[in-house]
Amino acid sequence: MKGEVGGLHIQYYSICKRKLWLYSRQISFETAHEKVIEGTLLHEGSYKRKKKEIMLGDHAKIDVLDQQFVQETKLSSKMQKADELQLLYYLYLLKQRGIEKRGRIAYTKEKKVVEIELNEENEKKIRKVIAEVFKIIESEQTPKLVKLPYCRNCAYFDFCFALEGGDDDAT
Numbered sequence: 012m013k014g015e016v017g018g019l020h021i022q023y024y025s026i027c028k029r030k031l032w033l034y035s036r037q038i039s040f041e042t043a044h045e046k047v048i049e050g051t052l053l054h055e056g057s058y059k060r061k062k063k064e065i066m067l068g069d070h071a072k073i074d075v076l077d078q079q080f081v082q083e084t085k086l087s088s089k090m091q092k093a094d095e096l097q098l099l100y101y102l103y104l105l106k107q108r109g110i111e112k113r114g115r116i117a118y119t120k121e122k123k124v125v126e127i128e129l130n131e132e133n134e135k136k137i138r139k140v141i142a143e144v145f146k147i148i149e150s151e152q153t154p155k156l157v158k159l160p161y162c163r164n165c166a167y168f169d170f171c172f173a174l175e176g177g178d179d180d181a182t
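For the sequence shown, this note's numbering begins at 12 and goes up steadily by one.
It should be emphasised that the hints constitute simulated quantities derived from the structure, not laboratory data.
Backbone N, C-alpha and C fix where the C-beta goes; we use that ideal spot for every residue, glycine too.
Incorrect hints may appear among the rest.
DSBU-like mimics (lysine-lysine), calculated; alpha carbons at most 35 Å apart, straight line [said to hold, decoys possible]: (1) K155 with K72; (2) K72 with K158; (3) K92 with K122; (4) K28 with K72; (5) K123 with K136; (6) K146 with K89; (7) K106 with K122; (8) K72 with K122; (9) K135 with K89; (10) K28 with K123; (11) K28 with K112; (12) K28 with K155; (13) K146 with K92; (14) K122 with K136; (15) K139 with K89; (16) K136 with K112; (17) K120 with K136; (18) K122 with K28; (19) K136 with K146; (20) K106 with K120; (21) K72 with K139.
Cβ-Cβ distance ranges computed for the label pairs, FRET-style [claimed, not checked]: (22) V125 with Q37: 29 to 35 Å; (23) K92 with K155: 18 to 24 Å; (24) K136 with I110: 18 to 24 Å; (25) G68 with L174: 34 to 40 Å.
Build the full structure now, drawing on both the sequences and the hints.
Below you can see the structure in the form of structure tokens.
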């Protein structure tokens with residue numbers, strides 16, 4: 012899959028390397044997952060008057076682009092680090108196309124807004140992340156299962172833990 016990665020690749024990199032690897036092979040359980048459906052409904056109802064869903068290449072889809080900001084809407088800030096990396100990636104892609112913007116993440120349940128800039132340090136960080144994403148998705152080996160606090164709420168939970176015998180440790 013040499014070429015482009017998308018915002019979800021970047022987000023999954025931050026959340027779980029195994030999820031990233033599975034997703035890159037079109038192994039997805041998310042279309043019927045409760046949290047994904049809730050997020051889709053939120054997205055459809057947000058920013059009605061602003062231009063929505065701008066595609067950057069084949070794999071990156073920005074929620075909203077206005078005069079100043081690239082805006083993403085999320086339910087909660089539980090995965091804020093992953094959300095910020097995803098937004099930095101979008102800002103980086105835009106910069107590659109000669110467009111410089113700031114980023115904004117709106118966390119609707121918390122009524123919280125986080126602003127982010129693609130400064131030199133963040134640009135270096137996102138370039139490193141992109142390289143690491145390619146390394147993972149080009150690997151023939153599935154990344155090792157790592158039990159994380161949020162595994163139980165993940166759409167991939169049953170797939171990852173099916174052979175584990177018990178899931179008491181995945182909470």
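Comparing the hints with the structure gives:
| no. | hint | verdict |
| --- | --- | --- |
| 1 | K155 with K72 | 29 Å, holds |
| 2 | K72 with K158 | 29 Å, holds |
| 3 | K92 with K122 | 18 Å, holds |
| 4 | K28 with K72 | 21 Å, holds |
| 5 | K123 with K136 | 24 Å, holds |
| 6 | K146 with K89 | 26 Å, holds |
| 7 | K106 with K122 | 29 Å, holds |
| 8 | K72 with K122 | 23 Å, holds |
| 9 | K135 with K89 | 24 Å, holds |
| 10 | K28 with K123 | 28 Å, holds |
| 11 | K28 with K112 | 29 Å, holds |
| 12 | K28 with K155 | 8 Å, holds |
| 13 | K146 with K92 | 20 Å, holds |
| 14 | K122 with K136 | 28 Å, holds |
| 15 | K139 with K89 | 23 Å, holds |
| 16 | K136 with K112 | 17 Å, holds |
| 17 | K120 with K136 | 28 Å, holds |
| 18 | K122 with K28 | 30 Å, holds |
| 19 | K136 with K146 | 15 Å, holds |
| 20 | K106 with K120 | 30 Å, holds |
| 21 | K72 with K139 | 21 Å, holds |
| 22 | V125 with Q37: 29 to 35 Å | 31 Å, holds |
| 23 | K92 with K155: 18 to 24 Å | 21 Å, holds |
| 24 | K136 with I110: 18 to 24 Å | 20 Å, holds |
| 25 | G68 with L174: 34 to 40 Å | 36 Å, holds |
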